[in-house]
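Engineer: For the record, the sequence lines run as chains A and B. Read left to right, the first sequence gives residues 1 to 503 (our numbering). Read left to right, the second sequence gives residues 1001 to 1548 (our numbering).
Each hint should be verified, as a subset may be incorrect.
Said to hold, decoys possible - Not the full set, but computed from the structure, chain A residues with beta-carbon under 8 Å of chain B:
no.	residue
1	D179
2	E261
3	Y294
4	A296
5	P358
6	R362
7	F377
8	L413
9	R415
10	F418
Stated by the list, open to error - Now the stretches of chain A that chain B is said to cover, found in silico as 3 or more residues with beta-carbon under 8 Å:
no.	stretch
11	57–65
12	116–123
13	244–253
14	309–316
15	388–400
16	452–464
17	490–502
It should be emphasised that the hints constitute simulated quantities derived from the structure, not laboratory data. Please read these numbers as outputs of a predicted model, since none were measured by experiment. A virtual CB, placed ideally from N, CA and C, is assigned to each residue, including glycine.
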Amino acid sequence: MQKPLHTLERRLLKTLSSKKEGTLEEVTKEAGLNLDQARRAVEWLKSKNMLAADIELIHTILLDTEGRRAVKEGLPERRLVKHLSEMGGETPLDDLKNQFRTTPQEFSAALGNARRRGWIVIQSVNGRPVAKTGKAEKTTSEEALLRRLSEGRVTLESLSSEDRLILSKLEKRPQYIKDKESKTTKIRLTPLGLETARTLGEDEELDALTPKLLVTGRWRESTLRSIDVEAPSPPIYPGKKHPVQRFIDEVREIFVALGFEEIDGPIIQPCFWNFDALFIPQDHPAREMQDTFYLAGVKTGKIDDEETLRNVSKVHEDGGDTGSTGWGYKWNPAKSKDTVLRTHTTAVTVKYLADFKPEETRVFSVGRVFRNEKVTFKNIAEFHQIEGIAVGEKVTLRDLMGLLSKFYSKLGLKRVKFWPTFFPYTEPSLQSVVYFEELNKWVELCGMGIFRPEVTLPVGVKNPVLAWGGGLERLVMLRHGITDIRDLYSNNLEWLRRIPLCR
Amino acid sequence: MPVITLYYDRLLSMLKQPLSRQDLIDNLPYLGLDLEEEAEDYVRVEFNPNRPDFSSEWGISRALNGLLGFEKGAPEYPVAKSNVTLKVDKSILEFRPFFVGAVVREVKFDDESIRQIMAMQDDLDNGIGRRRAKVSTGIHNLDAVEPPFEYKAAPPDFRFTPLGYGGEMSMKQVLSEVETGQKYGHIVEPFPAYPLITDKNGSVLSFPPIINGETTKVSTETSNLFIDITSTNMKSAEDVLAVLLTALSDLGGRLESMEVQYPTFTKTTPDLTASKMDVEPSFINSLLGLNLSPSEIEEHLERSRITAKTTRDTIEVYVPRYRSDILHPVDIVEEVAIGYNIANLTPTLPETADVGRLNSKLEALDSARDVLIGLGLIEVMNFSLISRDTIQKTTGAEPQEHLKVENPKTGEHEYLRDSLIPSLLTTLSKNIHEEYPQRICEVGKVFNRDKTEPREIKEEHRAAVVIAHTKANFTEAKSYLASFLSQLNGLSCSTKPADDAIYISGRAAEVETEGRTIGKIGEVAPAVLEAFSLRVPVSAFELSLEGI
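Given the sequences, and given the hints that come with them, work out the whole structure.
Structural biologist: Structure representation (structure tokens):
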């Protein structure tokens, strides 16, 4: 069955049926379309075998630098003879040569041409060659062609054979002529196209149902033309959450399902909560400016919690009454007041523990954290951390392994193993390693452990605190098959518009 | 984190029983070593900074022998007495006051063991030593010098021949001309006089923490060593000495102590006595979720190379001196877990009666996002840290009130944003080749100094929308604004004329709701659009979500 024709196609067919053939530009103009519409109609008609398009090469002849000069100032021979007239019409050849300012090559070419045409004759007077003006100079065919070329577009294809001969003379002159090759599309109807065009008829079908047709009831006397239901439609984009935010929400949902309550806290933290309360000694390399963003010129006022402050200071120095040896140095309260962009959400967690001193609880957070890193395909300076803690009298390291395994399994990650590792504020500490089917490899994800007594006792928490945490972005990248972490935050609209909600 | 190269054949030969290469590789992670690279004849592993004893193959083979049950309990490190002494002159006490040291005899070095000891020294200097500021180590050919030694402060123009250099130079010159001088010179530069260790005849052993003298250079021919450690912290110095000596002893050296004569007291170093810690079995079992008998606990600790004895209900644990990471009984719990082998621990799930829930404030942000997305906007996420350039493009001025971070590694992350609009304009600017209209939104935090208490910083959640297309204007933005507020909270709002640098004068307003000003709306000024290379009009609004 023949496909229905679009209005654009009908208009093109009609125009071509009388004209038979033409360039795309001509036909477009005649059909009253714009070039974009015509191109679409051409493609559709081609696919229906109603139209053939041939691409032709066109050579446009253009003037080069010397050619343009000749149009403005005349051919060199023309200028030479004019110069001779100005010198009185007769002068020794050497004088003419010296006064006509040009290169020797151009002079001899100009003189040669002028003599050939008889514009200048050379006679010998007293044994010296003398130039004299000859017969009157008419416009030459070369000059006429030059002028034509300067006045409008001339194609090689449109030149007569005589003109081509003249062109070849001009081409011998250096830098007079250049040509540009371009393509033009010629379209013509195929026999099928011609026949279709003939049967189009005058009675135009209706393009669309209008309120007027409905109100007047005239739709009864008209037919709505069929449309190409297979034709593509313009894209439409819905509002959408950012893929990272969507993943964050998924993680939050999993935590809630596991019985965790969400907490939130400031990004800007005193070193006290970000480092000191977590038993990270004040000379620890992680606290250095080259790893951590310190806020210039901002000191936190006093830490309100005097008791915690005292306990933390003691635990660093000699362990206080936690049963620890401590780090054995003099703790400096001023250093704890420096302000940083939190390097982990654990700063918020430990503040929460100090504020509520829970005996039993499960809380979590997903928040932005900062590291003074060079931005590369695998590192960014600002990213998200997932963190969960479970406090209870009877919680154990094996429970922590169980909770984290459950967390992973809800993300679709079923194979997990654990290795010992080290974090300054947990003991024992474990590293979780997760198997990714698609990559066929084990990937290190969340770190975990039981908060050290040097962390929990000074903030007034007696029971063990199980904790795990890790970067969120790595999980998002693995989910979406992204290999450059920067792509997550480049906010490329094409990507954001295209990326599907479900895998 | 530090990385160490381990050659399979050397490491396997140090194990007390045969082991396949694959079993070796598979077991390394269970010591807390992270595989970095597996090559034909070696493996590279990353070790954690709490285990400086893992900075050599001797330390790792010691632990592996335990983990695999080939050799258990704490290794013995006998120390004989030597007659070597060192005097600490009071001139050095205000700069780098602590010295500990030892003598190691009859060491047999080969190229690889020298390389490993040097690498280990570097790791110790960098780690516990805090890049030599706190502790630095020196290893010397004892036979090239003559005790007694002296540790003192010397004038910067004192001259000697530094290790690896053909001639003498002044200590001042060392700091500017020698590589380690340039790198670590900042540690001693503030001092009027520099640390120096010399022998009986004035020969220079070391200019700590910068460089050794050429005289005591160590080679494969060297067999008797003198170890010098200078420090600002006695405990850390002894920690480092213990790690270094145990490795040198495992390598075959005989350890000898020395006498360090401080102005007011005398100290014999090293002191490698194990420290005793009492740990309750119930404490161990309750944290691990196991039910181990005291003798099982002893067995697992022995596998972690720690000697343990049960007396009644308590386990007496003797922590070897080189395990300076053990501060608290909880560290013993981890040693039990490692000796038990983490691979044998099975996960369990704790009971809970509680139900989880989301944070109500963050839930409000979720709702704001839902409304914006329902309005057809695409959410973007930008960084909180922005560049000076972005601020300049938006405001036409240098950053003034913005909070700045110190020494950012890139200018892209220098200032905390005080508005979401600059990042959103950047987003539009990066997407000029994408299809218009573009309507995008962001919900996120901005940072401001508190107007009344400048020491306080306000973190505020905001929502912002930008609309870009050929006909974008104030009215369209206002439609989105009004719809957003009414759909989110049933609030109506009014817009009062108020100019702002980023908006066209006369086409900008403050947004008021319930008598409060909560944000701004307007058509972005052409100069701003031009700065961001935008070629279509943009209208925008930004609202505080605090209290909405």
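Engineer: Check, residue by residue, whether the stretch 388–400 of chain A contains three or more positions whose beta-carbon lies closer than 8 Å to a beta-carbon of chain B, and give the verdict.
Structural biologist: holds (count 8)
Engineer: Return the status of the interface hint for P358 (chain A): holds when the least beta-carbon distance to chain B is below 8 Å, violated otherwise.
Structural biologist: 11 Å, violated
Engineer: Next item in the hint list is R415 (chain A). Is there a CB on chain B closer than 8 Å to its CB?
Structural biologist: Hint on R415 (chain A): violated, closest Cβ of chain B at ~12 Å, above 8 Å.
Engineer: Under 8 Å, Cβ to Cβ, is where D179 (chain A) needs to be relative to chain B, so tell me if that hint holds or is violated.
Structural biologist: 34 Å, violated
Engineer: Would you settle whether the hint for Y294 (chain A) is holds or violated, based on the nearest Cβ-Cβ distance to chain B being less than 8 Å?
Structural biologist: OK, holds: Y294 (chain A) within 8 Å of chain B, min 5 Å.
Engineer: Can the stretch 244–253 of chain A be counted as covered by chain B under the rule of three residues or more with Cβ-Cβ separation shorter than 8 Å?
Structural biologist: holds (count 4)
Engineer: Let me know if the C-beta of R362 (chain A) comes in closer than 8 Å to any C-beta of chain B, holds or violated.
Structural biologist: Holds, about 6 Å.
Engineer: Count the residues of the stretch 452–464 of chain A whose Cβ falls closer than 8 Å to any Cβ of chain B, and tell me whether that reaches three.
Structural biologist: holds (count 4)
Engineer: Go check the stretch 116–123 of chain A versus chain B for me, would you? Three or more residues, Cβ under 8 Å, otherwise it fails.
Structural biologist: violated (count 0)
Engineer: Regarding the hint that F377 (chain A) lies at the interface with chain B, is the smallest CB-CB distance below 8 Å?
Structural biologist: 14 Å, violated
Engineer: Under 8 Å, Cβ to Cβ, is where F418 (chain A) needs to be relative to chain B, so tell me if that hint holds or is violated.
Structural biologist: Holds - the Cβ of F418 (chain A) comes within 8 Å of chain B, reaching about 5 Å at its closest.
Engineer: Does the nearest C-beta of chain B fall within a distance shorter than 8 Å of the C-beta of A296 (chain A)?
Structural biologist: 5 Å, holds
Checked against the numbered hints above, the structure violates hints 1, 5, 7, 8, 9, 11, 12, 14; every other hint is satisfied.
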